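Adding 439 to a residue's 1-based position in the sequence shown gives its number in our numbering.
No lab work stands behind these hints: they were computed from the structure.
Bear in mind the structure is a predicted one, so any value in this text is a computation, not a measurement.
Heads up, a few of these hints could be off.
Said to hold, decoys possible - With a straight-line cut-off of 27 Å between C-alpha atoms, the simulated DSSO-like cross-links for lysine-lysine are:
hint: 1; residue 1: K706; residue 2: K613
hint: 2; residue 1: K706; residue 2: K616
hint: 3; residue 1: K616; residue 2: K475
To be verified - Computed beta-carbon distance windows for the label pairs:
hint: 4; residue 1: I655; residue 2: D694; range: 46 to 54 Å
hint: 5; residue 1: E489; residue 2: D694; range: 53 to 61 Å
hint: 6; residue 1: T651; residue 2: H546; range: 41 to 49 Å
hint: 7; residue 1: T441; residue 2: L688; range: 17 to 25 Å
hint: 8; residue 1: N666; residue 2: E525; range: 39 to 47 Å
hint: 9; residue 1: N691; residue 2: E525; range: 20 to 28 Å
Glycine residues also receive a C-beta, built at the ideal position from the N, C-alpha and C atoms.
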Amino acid sequence: MTHAHFQPVGGAAGDMTLASLVAAGAPLGEITTSLKRLNVPFELSAESTEVNGVGALRISVGSPEEHAHRNFAAIRALVEGAELPERAASRSIETFRRLAVAEGSVHGVEPEEVTFHEVGAVDSIVDVVGSCLALDLLDVSSVTCGPLPMGTGVVRAAHGPLPIPGPATLEVLKGSKVRWTEEPRETTTPTGAALMGAFTGGLFTDAAPPMTLLSIGYGAGRARLQNAPNLLRAVIGELEGPAEGLDLLEANVDDATGEILASATEKLLAAGALDAWLEPIIMKRGRG
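Please construct the entire structure, taking both the sequences and the accompanying hints into account.
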């Protein structure tokens, strides 16, 4: 079973995540072809660069300027209508769900009412869905990630200047381990935090499982950091142990709506389940 371990040396962002996976072997051409099914205008390119003597990849997304903002439902419809691989679609939707919950908490509204600004832009959509497609093309079934680094200071956003870490970033990372630094800039973006949260279930650890290394990729950020190379490293490997060993988890769920059950299925797939399904049953006293 293929595993990915992310090391956020300098930080984590959507473009850095995609770049690290492409550098680790995910085919950019196939990613671009699948992204075109979203029916949003974009141009995706990658360039080789060097950060502190380490060869890395930097991803750029170009798109026409937009004035309309998307909500979670609109982005979910884009993803569901694109006929993407199931695992990639589930991871993408779970990433945006985490962002919607975080933004809703910050602004005091329900997640469904959140209107995304930066996160709803085409480049962010391409970064998120592209990263999830890259994981799928590498056949990654499970993911771990080290604690994400938090910078300090002030960053300009659509709503005006905000403290670093951004409020949405901290909301996304509630319940997760983080690493505080003195870096005077945003090192982990809301998108980067949500991607890693969706990939790992929000459990961050430096301890990667035993595995045979297959490939390594470095995704470069755009800023020059004072205290660390601005890199996100993706390490792809084959987990040790018998390939035929699988765990089957089963549960009877009572008194839950179809929407809740569908969301639970998406979260299971996004967290690395090989498959997840629902079956109607009749329990005692006619409960179903």
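Going through the hints against the structure:
1. With a CA separation close to 17 Å, the supplied pair K706 and K613 stays within the 27 Å bound.
2. Taking the CA atoms of K706 and K616, the gap is near 20 Å; set against the 27 Å cutoff, the hint holds.
3. A C-alpha spacing of about 35 Å is found between K616 and K475, which places the hinted pair above 27 Å, so the restraint is violated.
4. Range check, I655 to D694: Cβ separation about 47 Å, and the 46 to 54 Å hint holds.
5. Look at E489 against D694: about 57 Å separates their beta carbons, and that is inside 53 to 61 Å.
6. Separation of T651 from H546 is about 46 Å and conforms to the stated range, judged on CB atoms against 41 to 49 Å.
7. Here the CB-CB span from T441 to L688 is close to 21 Å, well matched to the stated 17 to 25 Å.
8. Judged by the Cβ atoms, the range 39 to 47 Å given for N666 and E525 holds: they are separated by roughly 40 Å.
9. Against the hinted window of 20 to 28 Å, the Cβ-Cβ separation of N691 and E525 comes to about 24 Å, which satisfies the hint.
Of the numbered hints listed earlier, the single one contradicted by the structure is hint 3.
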